[in-house]
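Participant: In order, the protein sequences belong to chains A and B.
Here the first sequence is numbered in my numbering, starting from 1 and rising by one per residue.
Here the second sequence is numbered in my numbering, starting from 1 and rising by one per residue.
One or more of the hints may lead you astray.
Unchecked claim - List of simulated lysine-lysine pairs, DSBU-like, C-alpha gap at most 35 Å:
1. B/K269 <-> A/K247
2. A/K247 <-> A/K404
3. A/K16 <-> A/K346
4. A/K77 <-> B/K124
Hint data in this document are derived by calculation from the structure and do not stem from the laboratory.
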Amino acid sequence: MSTAGHEGRIDYRSLKLRVGIELHRQLNVGGKLFCSCMPVREEGPSHFTRLLRPSESELGEMDPAARFEAVKGFEIKYLYGESSSCLVEADEEPPHDVNEDALKAAISIARMLGSNVVDEVHVMRKMVIDGSNTTGFQRTMLIGIGGQLKVGDRTVGVQTVTLEEDAARIMGSEGRVKKYCLDRLGIPLIEVSLEPVEVHRSPQEVVEVAASLGRSLKSTGLVARGIGTVRQDLNISIEGSGIIEVKGVQELPLIAKIVDYEGKRLHWMRTVSEELKGRGISRERAVEGPIDVTDVLSKISKGFIRRVLSSSDVALAILARGYDGLLGDEPYPDVRIGRDLATIAKLFGLGGVIHSDELPGYGIEESMVGEIRARLGASDLDGFVIVVGNEAIASRTLEAIASKLREIVDGPPSETRAPTSDGKTRYLRPRPGAARMYPETDIPSMEITEEMMRRAEAIIPPTWDEQVKGLAGRYGLSRKLAEEILDSEMYTLFEDIISRYSVKPSVVAATLTEAITSIRREGLDVGKITEIHLKSLFEKISSDEIAKEAISDVLEAIAGDRAKTVDEAMDVLGLRTVSDDMLVDIIGEVLDANSTLIRERGEKAFGPLMGEVMSKVRGKVDGGKVSELLREALERRLAKT
Amino acid sequence: MLESVKASIGDHLLLKLKGGLEIRGTLMPRYGYADDRHITIKLGNGYNIGILVSRIEGVTVEKRGTFEPSKPSEASFKSGGEVLILGTGGTIASRIDYRTGAVTSVLTPSELYSSVPELGDIAKLDTEVLFNILSENMTPSRWDEMAKRVGRAVKDGYRGIVIAHGTDTMHYTSAALSFALENLPVPVVLVGAQRSSDRPSSDAATNLLGAVTVAAMADFSGVYIAMHKGLSDDVIAVHSGVKVRKNHTSRRDAFQSVNSRPAALVHLKGLRIIKNLELPPRRDGHQDFSVKSNFDERAFLVKYFPGMSGEIIDHLVEIGYRAIILEGTGLGHVGKPLHESIGSAIDKGVFIGMTSQCLWGRVRMTVYDTGRDLLRMGVIPLEDILPEVAVVKAMWLLGQGATFEDMVKLMPMNMRGEVSGRSLISYEHGRT
Numbered sequence: 001m002s003t004a005g006h007e008g009r010i011d012y013r014s015l016k017l018r019v020g021i022e023l024h025r026q027l028n029v030g031g032k033l034f035c036s037c038m039p040v041r042e043e044g045p046s047h048f049t050r051l052l053r054p055s056e057s058e059l060g061e062m063d064p065a066a067r068f069e070a071v072k073g074f075e076i077k078y079l080y081g082e083s084s085s086c087l088v089e090a091d092e093e094p095p096h097d098v099n100e101d102a103l104k105a106a107i108s109i110a111r112m113l114g115s116n117v118v119d120e121v122h123v124m125r126k127m128v129i130d131g132s133n134t135t136g137f138q139r140t141m142l143i144g145i146g147g148q149l150k151v152g153d154r155t156v157g158v159q160t161v162t163l164e165e166d167a168a169r170i171m172g173s174e175g176r177v178k179k180y181c182l183d184r185l186g187i188p189l190i191e192v193s194l195e196p197v198e199v200h201r202s203p204q205e206v207v208e209v210a211a212s213l214g215r216s217l218k219s220t221g222l223v224a225r226g227i228g229t230v231r232q233d234l235n236i237s238i239e240g241s242g243i244i245e246v247k248g249v250q251e252l253p254l255i256a257k258i259v260d261y262e263g264k265r266l267h268w269m270r271t272v273s274e275e276l277k278g279r280g281i282s283r284e285r286a287v288e289g290p291i292d293v294t295d296v297l298s299k300i301s302k303g304f305i306r307r308v309l310s311s312s313d314v315a316l317a318i319l320a321r322g323y324d325g326l327l328g329d330e331p332y333p334d335v336r337i338g339r340d341l342a343t344i345a346k347l348f349g350l351g352g353v354i355h356s357d358e359l360p361g362y363g364i365e366e367s368m369v370g371e372i373r374a375r376l377g378a379s380d381l382d383g384f385v386i387v388v389g390n391e392a393i394a395s396r397t398l399e400a401i402a403s404k405l406r407e408i409v410d411g412p413p414s415e416t417r418a419p420t421s422d423g424k425t426r427y428l429r430p431r432p433g434a435a436r437m438y439p440e441t442d443i444p445s446m447e448i449t450e451e452m453m454r455r456a457e458a459i460i461p462p463t464w465d466e467q468v469k470g471l472a473g474r475y476g477l478s479r480k481l482a483e484e485i486l487d488s489e490m491y492t493l494f495e496d497i498i499s500r501y502s503v504k505p506s507v508v509a510a511t512l513t514e515a516i517t518s519i520r521r522e523g524l525d526v527g528k529i530t531e532i533h534l535k536s537l538f539e540k541i542s543s544d545e546i547a548k549e550a551i552s553d554v555l556e557a558i559a560g561d562r563a564k565t566v567d568e569a570m571d572v573l574g575l576r577t578v579s580d581d582m583l584v585d586i587i588g589e590v591l592d593a594n595s596t597l598i599r600e601r602g603e604k605a606f607g608p609l610m611g612e613v614m615s616k617v618r619g620k621v622d623g624g625k626v627s628e629l630l631r632e633a634l635e636r637r638l639a640k641t
Numbered sequence: 001m002l003e004s005v006k007a008s009i010g011d012h013l014l015l016k017l018k019g020g021l022e023i024r025g026t027l028m029p030r031y032g033y034a035d036d037r038h039i040t041i042k043l044g045n046g047y048n049i050g051i052l053v054s055r056i057e058g059v060t061v062e063k064r065g066t067f068e069p070s071k072p073s074e075a076s077f078k079s080g081g082e083v084l085i086l087g088t089g090g091t092i093a094s095r096i097d098y099r100t101g102a103v104t105s106v107l108t109p110s111e112l113y114s115s116v117p118e119l120g121d122i123a124k125l126d127t128e129v130l131f132n133i134l135s136e137n138m139t140p141s142r143w144d145e146m147a148k149r150v151g152r153a154v155k156d157g158y159r160g161i162v163i164a165h166g167t168d169t170m171h172y173t174s175a176a177l178s179f180a181l182e183n184l185p186v187p188v189v190l191v192g193a194q195r196s197s198d199r200p201s202s203d204a205a206t207n208l209l210g211a212v213t214v215a216a217m218a219d220f221s222g223v224y225i226a227m228h229k230g231l232s233d234d235v236i237a238v239h240s241g242v243k244v245r246k247n248h249t250s251r252r253d254a255f256q257s258v259n260s261r262p263a264a265l266v267h268l269k270g271l272r273i274i275k276n277l278e279l280p281p282r283r284d285g286h287q288d289f290s291v292k293s294n295f296d297e298r299a300f301l302v303k304y305f306p307g308m309s310g311e312i313i314d315h316l317v318e319i320g321y322r323a324i325i326l327e328g329t330g331l332g333h334v335g336k337p338l339h340e341s342i343g344s345a346i347d348k349g350v351f352i353g354m355t356s357q358c359l360w361g362r363v364r365m366t367v368y369d370t371g372r373d374l375l376r377m378g379v380i381p382l383e384d385i386l387p388e389v390a391v392v393k394a395m396w397l398l399g400q401g402a403t404f405e406d407m408v409k410l411m412p413m414n415m416r417g418e419v420s421g422r423s424l425i426s427y428e429h430g431r432t
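Full structure from sequences and hints, please.
Facilitator: As structure tokens, this is what we get:
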């Protein structure tokens, strides 16, 4: 392992680790891409169920990703409501004409990035049969080719700018039924694909590129803000590997972790592939079987295998030629072939796999291992993989596993993977090819006229710098705060709050950026803080029910799960405000108790008195008001004496 | 320019555009109605784009290619089967056409069979392409052709026949076959798709499963249409061929039984058939079965609307029509300005039958004066027959040599289940 440094660190440069970013962002143009439904969040109340089958592309080939999804054999349940879905989302009516504002916005973004806008736009169907689209495909159109993005002193090339429809929102699955909600389906998305960047020193370089692209898009004012409106796909490769497409990374900080993990994983896969070649294994000879080993495993007396085998399930095994020791080895944390094979089995609805490197185990004794090896004709260098389950599903699962084991022989295979919340990835499906693109026959091609170009260019916004300056001036924000809020997913919320409530914009901006960041740093779950919480918080500040000093306490109480609403947080924190009358009483009490101090120090007693009053009312009354009332009361007291 | 390098469809090209941009991709066909100022290129990432020809400065063919949008396949597939699938075209057998850019019919029944292999688990199938047209191009002579082919298939001993058909006029064909196939001993099931077979969400596969299940396993005979019952891929409704109508432009449950319940339902889980009505039983022998497939096209369907004049009736009589089916308002009315023309048509021996544009419900012409006036003139109320079924029945009766008197007697009489004696309270009308 020449590229591995000490303690699981790797040298990205010698691996030739390259990462292409595809940024997807919802467009905020009102309406959906192919119908007039509203892009609002809505779950249910009605539903229907569907099955999807792969179909051939116009070139007569079947897409491998589509085939993989099809053999899994799931039923799909779609939930829908009336504001967000019509017959178009339900795949019960042909798509309407492309939303002109979305097309204009996409052209405008392409021009901003220096991309060449195509002369004629063709809507395509991208085969996606995991159920996330009722049609079995995502409608997408290429708007721009080429262009560039400046990131510090680096220039990153733009490959393409496309306009597409967002997919349905997955709600989970019950058994072999997957559940999706139609509200998000059809919302216009802009996708910008960048040329791969080579990672030199740190995956942080990739984060910077993604952040910079994000800022450019946000600066247009044409994209939606908020959780779930942005997703990044990462196309990761090392020298000698296929391309790994990691789908749907929502948070920027996760990108660095994922790039690092994939670098390590690909490095290990390449090592495995070299080892297999060294053992004389070819792709064709890598797998044999499956054979039925139910009778062997039936000898197990207890444990989960015993339990599943006592139903009508079977145990099937394949020979993994040359794989002995390579299935279970884990050179970096969670980088292990066995882990990916188990994921494939889970995608087919099975519990996982049993492979030779973890045996004897699970109640499978040495003698049984020997018997299975003998039946498979396994040599010392060979491994095997067993799955247990319904016969048809088990054999389809093993087919998918076999093709993965064959692919690895020729180097780390291309695949589509999903990010995990701790910055790793898991196998999702084979990587789709060009075979999954099929013209959308329901919509004729559209010529991009000079008039359309002119109108789109008219909405290209001022530069980022100009926008930051403008914002800072308009609301009296520091440059840093203005930049932070403009870059934030909360920007739309910021504008909304200051237009509704009379609160200082700098307080709102600081809350939405710095306060929330520091709560996150404390390790609390800021995901619990919703727009509703924030609006209710500022409403109460604007009506003097809460003092701005209490903002962090309230948000921490919500993030820390001590309160579900702002009202609850106020109760928990004892923040019910003190009325003016009560405040006057409290000040009176403090003055009474400190008559000596007042006598001795006169007006100079204000400081210590202020401190004492504030200790009784902090967070319940605005400090300015305390100061004002205290000063008046103190003056009156001094005048009397 | 493309000609100068002899570029043809399917070739991999390198295009140099004004401004220095280079584009690599495969030259694709232009749709017949697309303009000729652009060419279509499929890029390596699968996207198609259009490029203005006037922007191209140079073309190099990097690799010659071929382009075959669809594979030719054998017209029929024989294996001595139990069920015959006949292809007639339509969405169920359609994919992209590069001439128009829209979908067109090309898939053969055997291709359908190979893309829905579960069909083979239900019965041994034979497939045959009878013709390949979109259903708006269907004609009575095609009904004749279909009926005769079904007749031979019945005599050849098939347990059932499935006809893949375009949906737009499928209910006319089902009515025509219902009349033409007398004493039919087996089920004949028409089936279509509202979403073309080239998309993963197509209803073609599930509809076909339902249709083949009925053709192979049902214990009843007759002509039916099998299509989705609702929006879910779970239940296929089997409608009687004379009580069904396409009631929606695009939904997969567009077909509905009108003035009837669906004859049966097929639950796709477990392929269970549940009968909703008394249906004629499947019979072994076919001694009394006969094909009477002659249709006389001199029957016309007129939809009445406020302001319509009688001239159209006069003209129809003049050019030789022998039966006119009126789609009147409500219980069976048309406005006074038509009455004279109607009276004179009947005097000339032209049959005039009344149906209702309400579709749901029965005509009853004794309730209002207008109805009684029309009755007195000799307009024949056609009970709860659907207008489309009535015009098909008129063509068929005329084709069988019916006289005016025969028409008056037979048109309102139930022959194939087209007239229901009772209007049940539970019949739905439309959706909410």
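Participant: Hint by hint, say whether it matches the structure.
Facilitator: Verification of the hints:
Note on B/K269 and A/K247: the hinted pairing holds, with a Cα-Cα distance of about 34 Å set against a maximum of 35 Å. Taking the CA atoms of A/K247 and A/K404, the gap is near 19 Å; set against the 35 Å cutoff, the hint holds. Between the alpha carbons of A/K16 and A/K346 the distance comes to roughly 32 Å, so the proposed pair stays at or under 35 Å and holds. Only pairs whose Cα atoms come within 35 Å are accepted, and A/K77 paired with B/K124 is accepted, the gap being roughly 32 Å.
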